[in-house]
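Residue numbers (our numbering), protein chains in the order written: chain R, 3 to 881; chain W, 3 to 234; chain Z, 252 to 609.
Quick caveat, the hints were computed from the structure, so don't treat them as lab data.
Mixed in with the good hints, there may be bad ones.
Label-pair distances were calculated between CB atoms; the ranges are [said to hold, decoys possible]:
no. : chain 1 : residue 1 : chain 2 : residue 2 : range
1   : Z       : 286       : R       : 89        : 20 to 30 Å
2   : Z       : 267       : R       : 550       : 35 to 45 Å
3   : Z       : 272       : R       : 262       : 16 to 26 Å
4   : W       : 219       : R       : 323       : 45 to 55 Å
5   : R       : 205       : Z       : 414       : 31 to 41 Å
6   : Z       : 523       : R       : 205       : 46 to 56 Å
7   : W       : 88        : R       : 351       : 22 to 32 Å
Glycine included, C-beta positions come from ideal geometry on N, C-alpha and C.
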Amino acid sequence: MTGLRPGFRSLLGPLVLRPAAKDRLRFLLTISGIAVGVATIAAIRLANASVLSSFSDTVDFVAGKAGVTILADGPGIPEETLQRLAWVRRVGATLAPAITETAAAGAADGEVVEVLGIDPLADTAAREYSFAEEKKEEKIFLEGEEGEGHARAANLSSIFERDSVLVTSVFAKRNSLRPGSPLHLVANGIERTFRVAGVLHPVGAARAASGSILFMDLAAAQEAFGKVGRLDRIDVVLPPGLSEDDRARFEEEIRASLPPGTTAGRPERRTETVDRLVRAFRVNLSALGLIALLVGMYFVYNTLSISVLRRRTDIGTVRALGASKRSVFTVFLAEGLALGVFGSAAGVGLGVALAKGALLLVGGTATELYIPSAHPSLHLDPLVLLFAFALGVATSVLSALAPALEAARVDPAATMRHGSVEAVRRRRTRPLALTGVVLLALAFALALPGPVRGLPLFGFLSVFLIVSGVSLLAPAAVTFAAARLDGPALRLFGVEARLARANLTGSLSRTSVAVAALTMALAMMVSVAVMVGSFRTTVAIWVSQTLASDLFLSAASGKSGASFGRIPDEAIAVVRDVDGVDEVDPFLAFGATRDGVPFTIGSGLFAFIAKHGNLPLVDGRDTRKVFTEALGKDEAMISEPYAEKFRVKTGDFVELPTDKGPARVRVAGIYTDYSNDRGTVTLDRAHFQRLWPLTGAVTVAVKLKDGVSPEEGARRVSAALQGRYALRVRTNATLRRLVLRIFDRTFAVTYALEAVALAVAVLGVLNTLTALVLERRREIGLLRVLGASAARVKRAVQYEAAAIGGLGVVMGVLSGGAMSLVLVHVINRQSFGWTIAMHAPWGFLAAALGLVLLATLAAASRPAGLAASTDVAAALKEE
Amino acid sequence: MGARVTADSVSKSYGGGGGGGDESRAAGVDALAGISLTLEPGSFTALLGPSGCGKSTLLNLLGALDRPTGGRILVDGRDLATLGEDERDAYRRKTAATIFQFFNLLPTMNALENVALPLLLDGAAPAEADARAASLLAEVGLHGKERAYPYELSGGQMQRVAVARALANRPTLLLADEPTGNLDSKTGTQVLDLVSGLVQERGITVVMATHSVEASARASRVVRLLDGQLLP
Amino acid sequence: MMKHLVLALLLLTGRFGALDPKQKISFPRDHGSHDDARVEWWYVTGQIETASGRRLGYQLTFFRTGIADERKGARASAFAARDLFLAHFALTDPAAGTFRFAERMHRTGAGAATAREDRLDVVNEDWRLEEVGGRLVLFAGDGGNEVSLLLTPEKPPVLHGENGLSRKGSERDAVSRYVSFTRLHSEGWWTSGGKSEAVTGLSWFDHEWGSGAIGKETQGWDWFALHLLDGRDLMIYRMRGAGGNPTGFTSGTLVETDGRSTPLAARDVTIEETSRWTSARSGGTYPARWLLRVPRAGIEVEIVPLVKDQELVTEKSTRVTYWEGACDVTAPGGGAPLGRAYVEMTGYAGAGSLGAFP
């Protein structure tokens, strides 16, 4: 094997490079196929990583030097906790308590900002602050001081005044603020005016939320945001030089001093929580990206197989001249590698370009769903790029394995003709199909088990096996269809159909690959479309059932699509007294965690729901009866995602974190809820308020008296609130539209991905047909000799494209249907906990499939034209 | 009745850099230099000459696969140069059939389908085409091989299929380009026997290009060709 | 409209008032915090000894400064920063020649520092000074050095000046309330490096509060608190103006063995500086030895610091640089020991060294 390298080098030219140069178009197509797959993966991962890193940056910047962060499971940490923790100071630790809040700056629809309420005296130990404008020290304790060198602490202390805020220079610039400028903040439905006391350099905590953060005094924040008596977090700065063991012990001791419903841990765990929140979303997207790459893999396989087929004689010749099997194998593997490297490089570049758009989609969705104030900016993580590149190269090399092996097996005295090779392939059709059937059976079995650590891994595997199984069935399907449809097609479409049919089965290895690639992409499109369509219809029906009230109020939440803040009780009272308002149902909720997994604890008026019966139950029981009973017995209702996520059934008990320790509440029933995938435990308002000292409402549903139109009601409510409270007032119809708009935006990413995969698959058809036409030049010449016109030759190629497209569509619809079942009943259910009724979007599917057929035919026009322009006399001379 | 073919000062030259791209021909070289020839209906003419003498070029011109650069070719009084693309296609379908050295069957079709193809191309009903193809295959001695694919047949069998296919549309002119070139001499003889039997029966005019004197012996007339010119 | 605004302002700014000279001081309430005073401090200094004769000086000071001119209850949050609580703790070890200090600062509501209003109980983190049954309990510590003392008054509380009114400058409001326990028998424990030793000694407690400004001309002050071996206690403060010259606001109190106190005026006291010391840390040059005479009381003593460097640079809290140290009291010229003292000197280390009060 010492001659491997020179042998390899001498083979590279004749077997790979020169043919590649001759077939530039096909190689470019292959490279672009890989590029698209790699680009998709890179773009999604980049966007996802950017969203997460922007959040984790915020977490890091806010946590500062804290070694342990204390957070509440429920609605805030009782402030007495600071006394319980006083002992930590004796060992040199510092406690930095803080209030965190989200507000709209400027106006009710202004920029969304994070607000951090801090104790300036303690906070410098935890977080770094640097003032953009050194101003004369403010007198906080001593008069007559010059105060050089003390500007930092003193300036921070300037927020002791209750209307003072510090803003970041980024935010100040964006909103033209200077020290002394007034700043309006809208939070919890109330607008307050603050004064800018100072501007911070973008260092330390001022870098959080990309600068959309402002700082005020702890006391002012408690008062402004209705959090008197509570803290949102306590950052503990540990004494320096603590060993890891000491740190852990310290953390444990801190935990022991905490009241119930409060947790302590490393600050990073916040990021882990968010990562968990967006994980299901990211995994779903990545899975789609992988399918795109799978299509790319088929490209490589296809191109290389053709390379090997076309150069069989050459391979035989070089083998006869003494080239080793291994050299031949290596040469073709190298071709796969080269395709992978070029394609992946192009893909990474394209991915970076796409990431910006993907970020808007992923970022928008993540923001909408989970983090209202995130302003993710694109972060080009080299590791992500490297990963996508490596994935592309690895899959290319993997797809090159089979063709390379085949090349190595070529007999030195190879005079085998194409047809006989195809005959071998045809004999493999049956075992391949059998394997496919086994994979499909396995896919069915894998759809049955539950999730793995909250992720539907088996579900994804099942979808993957469906895709693989159906692809393996492609040759059998092509053969079967050709045999069954030859007669009718001949009668219907004439001899061109016979030609197309003959080519389909004659070049089975290539045509079936094209069919398989198209099937995959279509299956993906169909399944996602059916899933999204079913989901949308289900949500739309649910919304129309549950949104029974006329008006819906929420606290003004700035530019964010999400809703934050609470409507104060006084505002609810104002609304209740508006002429024409019949009833109000305040919904109050906060985020909690169970075993580190976030969920929501909510409350409404059970009497209201019992009266109107507008919340369907999963088991179909009578809502009125169940809610009446739950009200009487102080029981909880849980949402379906909660039941799924935590495996809780009716009759079970759930533990809810309160200051006085966990409250055990029996579950009276499970209701359907598509508004929140975290899962919700809902209590009656009175019961809820006995457990937690929370007032106000997140949303208020308003029933109007008969004869008052929603528009008129909205007008009256808005007029009553005018100047006092900043609330969003939406009518039933606008809210419904909004829900569906948010839904559509959420799934915009999936549509974009589908389009990409389809484009790849259609390109695949073009690629395959081009190859076939080039390969069949002599046969085409012969057809012309036999008197077939150029137009008929062209039509034959188009029929072939149509047959590939048609087969792809049929198989795609079948396997897509199967995949949509898995998506809806396994993946979606395990990821989000939603039960979705199947509603196929027939119109969309028909249009999309028609479009794909047209696109395939359009893609075929180039190879068809190529076929028609074949020089007959020259073609006949070949060989 | 066979076709009457008249070649009148036919010449073909391949322009520099353009045209056929045939490596054996230098740029601007005359492949045929003013050939005049008349083939009587039902005659069997052998074009004898070495490789590159212009035999194939002449056959391509007679088969309307190519156009002469000078002179005229009349088939049954029709000047091939006056035919439009559609008429040329029809001419190849109905009038001039070709058989090749390498058989040139469509590898993706079985024997029956290969033979039925010209019929279907000419608009025959599928059932009718199949029936006629089957009878033609029987006629060339391949009964029972209808479903066989070309790679399952021997060289001689393939050439028989090619002959059956050539006769499918009842042509009046058969152009054979080295039909025995790829066959051993025994099989070659059998094929030639078959061809001459079939054409005589049908009165088809035959032009056969060959470099083999033995094969040309079967023709009623031998025309020698060298460097694009007829030898006297 | 205008009237309403004025009323509102009065309501808002109603917290800090001028001291009412006629207001009677009463204990134990007036040992506690005074919400209407802008600035208030509780000061304990003392010298203690272990059984083996090892001597230590200590200082523990609690400051409260009101920063929000709002009445109680004006704010809903317990964190509303009405007051800042600052504290200093210093230990002088003459045997080792060392001096160390620590400082703390907290706001209202953070659970770290408070000052009760009904009696003496000031807390800053784990440092605490509390009156329990007529005695004071004190705890302070810093990096493993802790003092834990029970202080028993040997004399009743002393009200300096007239009705406890101590004048610091010529301005009308340059006045504060000033009361002391001049002689506190001290016993307890000193812990260092995990080892505790019983200690006994004498301590001095000062408590001062008010809202007024300091005299405009004032640059600093010197304060002397002497425990004489004959059982008398002497307190003298001297305000200094430009160039370090006394402004004339010098005053003192002589407390007899039986607890009777006599006010001393500027003319009763002469102070002569006989040595100087320059701080490498702050660059300030301080007097380092004094001859103090109170002829009326037959007192003529020399005061000698136990350690030269007893300077506090309090960057994290009050941001005042001052010298506060344990001293020996001897007959002039290094004669027989006559007592012990604590001396405080402010305004020697340039900018940032001068307090607003007293």
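Now for the hints, and whether the structure bears them out:
A C-beta distance of roughly 29 Å is found between residue 286(Z) and residue 89(R), which places it inside the suggested range of 20 to 30 Å. Checked against the given bound of 35 to 45 Å, the beta carbons of residue 267(Z) and residue 550(R), roughly 58 Å apart, lie outside it. Taken as a hint, the range 16 to 26 Å is violated for the pair residue 272(Z) and residue 262(R), whose Cβ atoms sit roughly 54 Å apart. Between residue 219(W) and residue 323(R) the C-beta distance comes to about 41 Å, which lies outside the given range of 45 to 55 Å.
As the Cβ distance of residue 205(R) to residue 414(Z) is approximately 54 Å, the hint placing it in 31 to 41 Å is violated. Restraint check, residue 523(Z) to residue 205(R): a C-beta distance of roughly 53 Å satisfies the suggested window 46 to 56 Å. For residue 88(W) paired with residue 351(R), a C-beta distance near 49 Å fails the hint of 22 to 32 Å.
Hint compliance for this structure: hints 2, 3, 4, 5, 7 are not met, and every other hint is.
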